[in-house]
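Per my numbering, the very first residue in the sequence shown carries number 5; after that it's consecutive.
Just so you know, the hints here were simulated from the structure itself, not pulled from any lab data. This one's a predicted model, so the numbers in the text were calculated from it and none came from an experiment. Some clues are possibly wrong.
[As the list claims (entries may be wrong)] List of simulated lysine-lysine pairs, DSSO-like, C-alpha gap at most 27 Å: (1) 165 - 42; (2) 128 - 165; (3) 150 - 162; (4) 191 - 165; (5) 151 - 165; (6) 151 - 29; (7) 128 - 42; (8) 165 - 43; (9) 207 - 231; (10) 29 - 191; (11) 128 - 43; (12) 45 - 207; (13) 29 - 42; (14) 191 - 151; (15) 42 - 191; (16) 45 - 165; (17) 207 - 151; (18) 243 - 231; (19) 162 - 29; (20) 150 - 7.
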Amino acid sequence: MGKYFGTDGFRGTANENLTADHAFKVGRFLGWYYNEIKKQKGDDSPARIVIGKDTRLSSYMFEYSLVGGITASGANAHLLHVTTTPSVAYVARMDSFDCAIMISASHNPYYDNGLKLINGDGEKMEDEVINLVEAYLDGNLVAFGKKWEEIPFATGDKIGKSVDYVAGRNRYIGYLISLGMYSFRGKKIGLDCANGAAWNIAKSVFDALGAETHVINAEPDGTNINKNAGSTHIEVLQKYVVENGLDVGFAYDGDA
Numbered sequence: 005m006g007k008y009f010g011t012d013g014f015r016g017t018a019n020e021n022l023t024a025d026h027a028f029k030v031g032r033f034l035g036w037y038y039n040e041i042k043k044q045k046g047d048d049s050p051a052r053i054v055i056g057k058d059t060r061l062s063s064y065m066f067e068y069s070l071v072g073g074i075t076a077s078g079a080n081a082h083l084l085h086v087t088t089t090p091s092v093a094y095v096a097r098m099d100s101f102d103c104a105i106m107i108s109a110s111h112n113p114y115y116d117n118g119l120k121l122i123n124g125d126g127e128k129m130e131d132e133v134i135n136l137v138e139a140y141l142d143g144n145l146v147a148f149g150k151k152w153e154e155i156p157f158a159t160g161d162k163i164g165k166s167v168d169y170v171a172g173r174n175r176y177i178g179y180l181i182s183l184g185m186y187s188f189r190g191k192k193i194g195l196d197c198a199n200g201a202a203w204n205i206a207k208s209v210f211d212a213l214g215a216e217t218h219v220i221n222a223e224p225d226g227t228n229i230n231k232n233a234g235s236t237h238i239e240v241l242q243k244y245v246v247e248n249g250l251d252v253g254f255a256y257d258g259d260a
């Protein structure tokens, strides 16, 4: 593990040890880095980075900061908006993105947040790249023959774009539905969405598979993610399933 990035990415209390400035720099470095890789392959098109986030209040701030950094580097940022970590990995792989970033601190309380870096294969970012990001954050980077202070800002028509990409999330929902081998018709299913990233995905999937869905903790307000809800408070769903005569229940993490 490095100074900033651990097993689950760069996590910390929002605007204390993980700040909007950190997010801007992470976005700026990754945009520049993948632009350079493309140029070495003779491709002058902008790098494409896809971003997802959970429902924490600070996730919107970090999304804006990442977009600022990515577009300032000359790369394009594609926004899935509120979605799950697996969906970000799926879209990165299926839609040939250069890399992806998920903004979430999983089961942590709302005041924490994190940046999880995902490569273009939908897997955890390579240590080699994460080490370069860390070096850039510390002002020690030397990559592609440039020091950190020599990395340019894009100007003119080279500035990147921010692109709404909610269609990617919707395709992921379709993918999940396609995996259903059996119908849930006639089954009563309880879903505890933890007021997190699954709130606008889980019900759509189970409804499409024919279930009678009963949903709790699907009203995120920015501060109630994981609060007495979800997989870390399974007793809430257990009680709900029993009291309502449901067949089974599924509890989700903050990033599902």
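A quick look at each hint next to the structure:
no. : hint      : verdict
1   : 165 - 42  : holds, 17 Å
2   : 128 - 165 : holds, 25 Å
3   : 150 - 162 : holds, 19 Å
4   : 191 - 165 : violated, 45 Å
5   : 151 - 165 : holds, 25 Å
6   : 151 - 29  : holds, 14 Å
7   : 128 - 42  : holds, 20 Å
8   : 165 - 43  : holds, 18 Å
9   : 207 - 231 : holds, 20 Å
10  : 29 - 191  : violated, 48 Å
11  : 128 - 43  : holds, 24 Å
12  : 45 - 207  : violated, 43 Å
13  : 29 - 42   : holds, 20 Å
14  : 191 - 151 : violated, 60 Å
15  : 42 - 191  : violated, 50 Å
16  : 45 - 165  : holds, 22 Å
17  : 207 - 151 : violated, 48 Å
18  : 243 - 231 : holds, 16 Å
19  : 162 - 29  : holds, 18 Å
20  : 150 - 7   : holds, 22 Å
Hints 4, 10, 12, 14, 15 and 17, counting from the list given before, are not met by this structure.
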